[in-house]
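Chains as they are written, first to last, in this note's numbering: chain A, 63 to 219; chain B, 63 to 219; chain C, 63 to 219.
Certain hints may be false.
Just so you know, same-sequence chains aren't split out, so a pair can sit in one copy or run between any two.
With a Cα cut of at most 20 Å, we get these calculated SDA-like pairs of lysine to any residue [what the hints assert, rightly or not]: (1) Lys189 with Ala132; (2) Lys189 with Gly159; (3) Lys102 with Asp70; (4) Lys102 with Arg141; (5) Lys189 with Asp78; (6) Lys102 with Met113; (7) Lys189 with Gln74; (8) Lys102 with Arg129; (9) Lys102 with Ala131; (10) Lys189 with Val153; (11) Lys189 with Ala106; (12) Lys102 with Gln142; (13) Lys102 with Met173.
Derived from the structure by calculation, the hints contain no laboratory data.
As the structure is a computational prediction, the values presented were derived from the model and not from experiment.
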Amino acid sequence: MAADSLRDRLAQLNADYARAIDDDRLEAWPGFFDDPCLYKITSADNHAQGMPAGLVYADSRGMLADRVAALREATIYERQRYRHLVGLPCVLGEQAGVASVETPFLVMRIMRDGTMDAFACGRYLDKVAAVQDGLRFRERIVVCDSARVDTLIAIPL
Amino acid sequence: MAADSLRDRLAQLNADYARAIDDDRLEAWPGFFDDPCLYKITSADNHAQGMPAGLVYADSRGMLADRVAALREATIYERQRYRHLVGLPCVLGEQAGVASVETPFLVMRIMRDGTMDAFACGRYLDKVAAVQDGLRFRERIVVCDSARVDTLIAIPL
Amino acid sequence: MAADSLRDRLAQLNADYARAIDDDRLEAWPGFFDDPCLYKITSADNHAQGMPAGLVYADSRGMLADRVAALREATIYERQRYRHLVGLPCVLGEQAGVASVETPFLVMRIMRDGTMDAFACGRYLDKVAAVQDGLRFRERIVVCDSARVDTLIAIPL
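One chain only, chain A, in its complex shape (with noise of 0.2 Å):
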């Protein structure tokens, strides 16, 4: 793992992250995290703009283990299917162990009677930090590129 480059870490790391969530394994979701943390998510305007407070604001891992609960605590939460196919990251910089990477996502639905489409796209904003046994995200500000998020906040992304 020491000889695997920056790049090849990253790439481990985000497809590790987008497998927990399409398999539903939500509760691994906040250990991917440093602790605490920064996770957002919001709009490419409100981004663009801004504007503070995204559509989910979490800054402890404790937050987000929090939000995970309430989601399979929520009776209407619907069986579909997510499917995250992530792109190819770019490395923009890296000071004192930490890199700032933004990678693109495309996030695709199935519905439970087959059908398939395009949920969410956008771009993954991060630090990530090296830690002992891996890498973990100290910040993950997902930007959406559609403005209508109302259904975003159906899973982590």
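Assemble the complex: chain A is given as a structure, and chains B and C must be docked to it using the hints.
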């Protein structure tokens, strides 16, 4: 080539595999597999319930070649195009030179009139063996997210 | 950077290229090319039939810059967003420091009202040259799978 990481070599294998199919060079497709091998297309529901038979099943290169021959002979074979977008591989483990890998995919379909739609998405569950001149699939189980799989038999995935 | 594999460097080049377009920093786009260069957008049918002229043709950075200027001046330029998902590159060969690479892509379009659709998919046929400060496209032929290409002139692909 020897200096490339496993991740690099998996990326090349997946890229070559997808390109052969999307270029309609289906006769090259069995060559990506070991012999004997296991190739299956199934749905996520069937896979989760441990149902043994998938939509498509082959356990040798000969069976894969037969399938290609059948596709070529089928008179109703519409000339739509396909485009694979293969995501980031999750390397789950490696034992005795065989890597277990899970990789998400999205296949777009382009009809003769130019309309595009998402044809299939899901994940590849692979056992990949290193052989003299590269990597081969010992197993490739194609788990489609959608339960609407009746049309999936059109091409290899 | 020198220690990175060709595949890593190609990934970074493609990621930076897509990001410049999706961020609407079109003025940076010609800088990804060598000068002189070859940039074409064509359809799979036209390409297969060896038809010489594509939808878009440029053979110098100046022509690429002119194209960007024309896009900026066009008053009907709708403010939709685009999101490139660039797939795994197939490295087909390398000669005298120039790599031949084929890479699939999918471009999503996000309209002002939030609707998303697949705008284009296809493959990049590239000749990539190593220069002092990185990699540049000596050739990028964009082969779109769809024959409905009339709207493809909106942005660089």
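The hints, checked one at a time:
For the homomeric pair lysine 189 and alanine 132, neither the shortest alpha-carbon distance inside one copy (26 Å) nor that between copies (37 Å) is at most 20 Å. For the homomeric pair lysine 189 and glycine 159, the shortest alpha-carbon distance inside one copy (10 Å) is at most 20 Å, but the shortest distance between copies (34 Å) is not. When the C-alpha separation of lysine 102 and aspartate 70 is checked against a cutoff of 20 Å, the pair qualifies neither within a copy, at 25 Å, nor between copies, at 29 Å. For a Cα distance limit of 20 Å, the shortest separation of lysine 102 from arginine 141 qualifies neither inside one copy, at 24 Å, nor across copies, at 25 Å.
Proximity of lysine 189 to aspartate 78 under the C-alpha cut-off of 20 Å is found in both arrangements, the shortest distances being 17 Å within a copy and 18 Å between copies. Only within a single protomer do lysine 102 and methionine 113 lie at most 20 Å apart by alpha-carbon distance; the minimum there is 12 Å, versus 39 Å between protomers. Proximity of lysine 189 and glutamine 74 under a CA criterion of 20 Å is satisfied in both settings, with 15 Å inside one chain copy and 17 Å between copies. With identical chains, the CA atoms of lysine 102 and arginine 129 are at most 20 Å apart within one copy only, with a shortest distance of 12 Å there and 37 Å across copies.
In this homomeric assembly, lysine 102 and alanine 131 come within 20 Å of each other (Cα to Cα) only inside a single copy, at 17 Å, whereas the closest approach across copies is 35 Å. Taking the closest pair of Cα atoms, lysine 189 and valine 153 come within 20 Å of each other only inside a single copy of the chain (10 Å); across copies the shortest separation is 23 Å, beyond that limit. With identical chains, the CA atoms of lysine 189 and alanine 106 are at most 20 Å apart within one copy only, with a shortest distance of 18 Å there and 33 Å across copies. Proximity of lysine 102 and glutamine 142 under a CA criterion of 20 Å is satisfied in neither setting, with 23 Å inside one chain copy and 23 Å between copies.
Proximity of lysine 102 to methionine 173 under the C-alpha cut-off of 20 Å is found in neither arrangement, the shortest distances being 25 Å within a copy and 23 Å between copies.
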